[in-house]
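Chains as they are written, first to last, in the numbering used here: chain F, 1 to 343; chain W, 1001 to 1412; chain E, 2001 to 2448.
Heads up, a few of these hints could be off.
To be verified - Some chain F residues judged to face chain W by a derived CB distance under 8 angstroms, without partners named:
| no. | residue |
| --- | --- |
| 1 | L136 |
| 2 | V137 |
| 3 | F139 |
| 4 | V275 |
| 5 | G313 |
| 6 | I324 |
No lab work stands behind these hints, which were simulated from the structure alone. The structure displayed is predicted, hence computed values, not measured ones. Glycine included, C-beta positions come from ideal geometry on N, C-alpha and C.
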Amino acid sequence: MDAILLQVLNGLDKGSAYALIALGLTLIFGTLGVVNFAHGALFMIGAFCAVTLSRILSFSFEVLDETQKDFLGNPLKVKTPYVESWFGPEVGASIIDWAVPLAILFSIPIMVAFGFIMERGLIKHFYKRPHADQILVTFGLAIVLQEVIKYFYGANPIPTPAPDAFKGSFDFGLLIGFAENAIIYPYWRMIYFVFSLLVIGGVFAFLQFTTFGMVVRAGMADRETVGLLGINIDRRFTIMFGVAAAVAGLAGVMYTPINSPNYHMGMDFLVLSFVVVVVGGMGSLPGAVLAGFMLGILESFASMNQIKSIIPGIDQIIIYLIAIIILLTRPRGLMGRKGVMEE
Amino acid sequence: MFGLSKTDTRFLLIVICLTLATPILLQPFPEGSGLAQFNAGYPDLMQRFAIFGIFAIGFNILFGLTGYLSFGHAAFLGVGSYSVVWMYKLLDYNVLWGLPLAIVVSGVFALLIGIVSLRRTGIYFSILTLAFAQMMFVISYSDLLGRFVGTSITNGETGLQVYTSDPQVLLGATEPNVPHLFGIVMRENFWQPNIGGWEFTFNNGYYFCAVIAILAFYLSLRIFRSPFGMMLRAIKTNQTRLNYTGLNTRPYTMAAFVISGMYAGLAGGLLAAMDPLAGAERMQWTASGEVVLMTILGGAGTLMGPVLGAGFIKYFENIFSKINDNVLHGWFAWMPDGLEDFIVTILHPFVGKGWHLTLGILFMLVVIFLPGGLVEGGSRIMHFIKRDRKAKGRDPEHHPEHIAYVAEKEEF
Amino acid sequence: MSKTNITRRGLLKTSAVAGAGLALPTIFTSGASAYTNEPGAGSVTLGFNVPQTGPYADEGADELRAYELAVEHLNGGGDGGMIPTFSSKTLDGTGILGRKVEFVTGDTQTKSDAARASAKSMIEKDGAIMITGGSSSGVAIAVQGLCQEAGVIFMAGLTHSNDTTGKDRKANGFRHFFNGYMSGAALAPVLANRYGTDRKAYHLTADYTWGWTQQESIANSTEAMGWETVNNVLTPLASTDFSSYIAPVLNSGADVLVLNHYGGNMVNSLTNAVQFGLRDKEVNGKNFEIVVPLYSRLMARGAGENVKGILGSTNWHWSLQDEGSKAFVKSFGTKYGFPPSQAAHTVYCQTLLYADACNRAGTFNPCGVGEALAGYEFSGLGNGDVLYRADDHQCFKDVLVVQGKENPTSEFDVLEVVEVTPRAQVEYPPNHPMFGGDEASLGTCNAG
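Could you put together the complete structure from these sequences and hints?
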C-alpha cells in the first residue's frame, strides 16, 4: 500500500512536467494548428533562464589570494560575487540561493517575448503550409536553439539547486499513519506539483472566465466564423503562443533543481510530450493535462520492483504500450475532437 | 523501354549514369588540395548515399504518395540489419542469405505494425508508428528479448556482431571472413586509379549497393506511374471521398506501408552487408525522424527528392563534422594573420562539433525559401534558365503557370 | 591512402578475388603497401574519434584538447608534457619514426553506427594509421571491432566496461583506462573500512552492457567483503528522472545505495537520491551511504554539492603529485587554463604509448606495433608502474579511490584522492569469468 502511494506521488510529480509541456503544446495546436517541434526547446530555454539568472546573480570579481595556490601553483583567484559585496555576505548569499524562484519572474517576460518573436517571425508564415513543412522548420529551429545553448553553456549538466529552505525531504508517511521512512518525499517535488497545478489552473481560468479567453476558445472551435465577426483572432492567437511559450518556460525553470539542466533536455522531452498530447486527444486541453498525469503515474507504477520482477523491462516501454492501447480503443485519444489533425 | 514512357526512360538512364559515375562525381577536388576535405568519394560515404537513398525512396512511397507520415520507419531498418547479421552468425558471411531475409522479415514486421497503426490516420497514425518503433528500439538497446530467450538477440548497445565462436555452418575454409557475395568482398576496391592528382575509389560494396539502388529506384518509378500509385495519390488527396465511393482504401495503404517497410529493411540489410555490425541506435526515433527530414528536405512526393535529401544530410554528417580548426587554418593560411584568425573564429561554431547547427539552419532556410524542397530549387533554376533562353516577352499577358504543389508533381 | 595506378596486375588480382575468394582478403589496401594506410616518408596521420555532439560532447572536447597537446609534444612543440617523465626515451620531438604527426578528427555522436562511420572515413579517406578516442564502452567495442577488420590499431579512450578487454578483446585494440572489475576491487576494501563489513547494498544499474558488467563487478567484490546485495534494479538509459527508482530504496532494508550510472544518468540519479534525503537517514542503525563506483570529475560537476563525501573510483586525477602528473597538468593547464580530466589523461597517454611503440618497433605495421605494446612495462605517465598485459591488451596500474570534496577551492576541485590502490590488488587472470572466461581470445593481429 505504502509503495503504491509512494509511486502515485512520484507519478504526479513526473506527470506535472508532462502535463505542463503538453498543455503548452496543445495551446499551440489548438489555436494555430501548428505542429511545434521546437516546444521541447522552449522548455529547455526556460531552464536556462534559471541558469542564466543564477550566473548573473553570482557574477563575481576576482581577488588574488597569495596564501592559496591554484592547480598550476599560481596564487589562487578568489571569486566574490558582486551581490555579496553590495548587500553583505549573508544577504548576498541568500539572493544567489533563491535564484531559481526568482527566475520565475525573470523568465516570464523573456519567454513571452520569445514566443512572440517566434510566432511573428517564423511560425506565421507556416499556417497554410502542410504539417510536414511545419515539422521540418520547427525541428530545424529546435536544433539551432539547442546548439546555441550548447555553444554558450557546454554539453554537461549545470547544477542549479533549490534554495536551502526547500532542500531535503519530509516523511509524508508518518503524517498519514505509515511506518517511518515508508513514504519520503522531497520538498521541491511537492512544490513542483503544486506549482504546476497553479499554472494549469491559471491557464484554464484565463480561458474560461475572461472575455479574451472566451474569444480564443471560440477561435479554437471555429476560426473563420470568429474572424468574420470582425475580431482580430490572429493577434489573440499570437498572444496565446506567448502564453504557451511561457508555460513551457516556467515548467523548465522549476524543473532545474530536480535535474540539472543540459542543452538536450528539450529533445529528451519532445517525443514524450507528443505522445502525451496525442494520447490526451488532439486539441483538447483537459485531455493533455489528464494524459500527462496518467502517463506519469503509470510510468511510476511500471518501475516498481514488484511489477518489474513479473515483466522485466516493462518500465522502458510502458508509455508507448499505453499509447498504443489507448489509441486503439479510443480513436482520437482520451478527449480528442473529431477531424483535428486526422488528415 | 522497360515499360516506361520516353521521358521516364531518359530520366532513368540519367539516374543510372549518375549513380554509376558517383565515385568520379563526388571527387571533384584533387588529393592534397585544401578543398579535398569536401571530397565525398570514399567507399563508406558512397555506400551510405546509396543505402539511405533506398531508405528514403521507400519512405517516399508511403509518405509522398499516400501522405501517411510514419514516424517509426527506422524500426524496419534495424530489423533488416539484425536479420543480415544473424545470417552471418548462423550461416556464413555471404550477403546473399541475409538480404532476402531482411526484406521478408521487415515486411512481416511492417504488416503487423501496419495492421494496428493503419486503423488510425493523421497524427494518430504517426504516434502509433513512433510508439512501436521506440518500443523496438529500447527492447534492442537493452536486449530485453535476449533476457527472455536466455541468449543475446541484439547484443545491447554495442550492437550485434559476429564472434568466432558463432556456428557459421556454411563457412568454407577459403571463404573471406568479411561480408562478400560469392567471394566478391564488399570492402574491397576493384580499382583505385590516381589520375593527375585526382584519386578515385571504385569499391565493390558501393557498386553492389548502387545496382540495388537503381533497381529500387526503377521499381518506385513504376509504382509512381502505375494505377496503384494513382490510387495512393487519391488517398492523399481525399481519403474520405474515396471511401464514399465504396472503395476500401485499407488494402492500398497497407500495401504501400509494407512495400516501404521492405525498402527500409533492404536498406538496413545493406548497411549490415557493408559493415557487419547492427547497432540499436539505427532504430531510435532520431533515425526515424532523419528519414522524414530527408524526404521533406529533398521534396516529398517527387522521385528524385528523397535521394537528394538523403545525400544532403549524410554529407553534412560525415564531411562537416570532420572539419576542425586545424583544417580551417589550413584553408585560410594565405590570409594575413589577423584576418585568418577572425575568419576561423567566425566559422568555428558552424563546423566540427557545430555541424548540427549548420544542418539546423539549412533545414530552416530550405523549408522557408524552397517549399518543395531541394527539387523545387533545382526546377526553379531550370525554369530560370529556360525562361532566359527563349520566349522572352512572348505573351506578356500570360499569367504565371500554376506551379503544382509537390505532391501533384510528376517529374523530378 | 595507398596510391595505386591502373595496372594489369591489379586487374588480374581483382578478378582472382572475384573468382575464387581469398583466405585473407586485403581490405582497404591494394598490393602496393604492406599494410593498411602505410604512411609516406613525410608525415603520419592519426584519427581522433571523439563524441563532439550529444551528452558526452564536453568529455570529447577535453579528449580532443589532450590529443592536440600530445601531437604538439610529439612534434617537438610546447614543453614536452609527459615525454620527459615517460620511462621510455624514444620520443625526441621529431614525430613518430621521423615523420611529422598529423591528425584528423571525427564525431562519434556516442552511437556505435556513427562512430564506425566516422572511423571508416578516417581510414578510407584520410589514411589514418591509428584510431583512438571515444567516451563510452559500446562505441569503443564497435570501433575496436572495425579496426580489427580494417587492420589498424585502436587505442581506446574512455571505456570502463569489462567487455572491451574481456569477451570483446581484439588483437588490434588496446586499453589504457581501467575497468569495472578494477573499480570493484579497489573500492571494496575502502568501503568495508569506512562503512563496515555488515552492509546491505541496493544497486541501481543503467540498463546496458557497461552497467551490467560494472554492477556484477561491484556486487562480487563487495560481497566478498561480507556485504549483502539486497536488490539490483535496472534503469532505462533514457530515463531522466530517477525518483520512482530511488523512492523505494529506504524501505527495502538496504543501507547503501550503489549507483552504476555514468554521465548524465549519474548526475540525475545522484541528485535525485540526495533530494530524497537518503544521506540524512539512518537504516539498520547505520548512516545511509551512497556510492558512485565510476567517477568522472567533468560530469560530477553537474551534480554540484551532491557529490560531497561520496566515494567512487577514477583512473587518474589532476591533484596527483608524481612527476608525470605534475608535468601533464602544467602543460595542459598552461595551454587551456584549466586542469585536464581523466579522459584527457588517458587519451594523452594512449597517444604517447602508441608513438613510442612505433618507434620501438621501427614500423607502423599494426602487428609490429602490437607486439611492441603487448607485455610492455612503463612508468612516468602518472599512474606509477604500469603493465600493458599481453593476454588481453589491458593496462594494469594503480587505481584511485576518490570522494567528493567537502570544501572545494575552485570549480575544478571536485574530488579528492582517498587512497591509491596498488596494482597487485586489482589484477585478475586473463581468463576470469567476468572477462569472457576461457573462450575469450584476442585472435590474430590484422595488418590489412
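Which numbered hints are broken by the structure, listed smallest first? As far as the earlier hints go, not one is violated by this structure.
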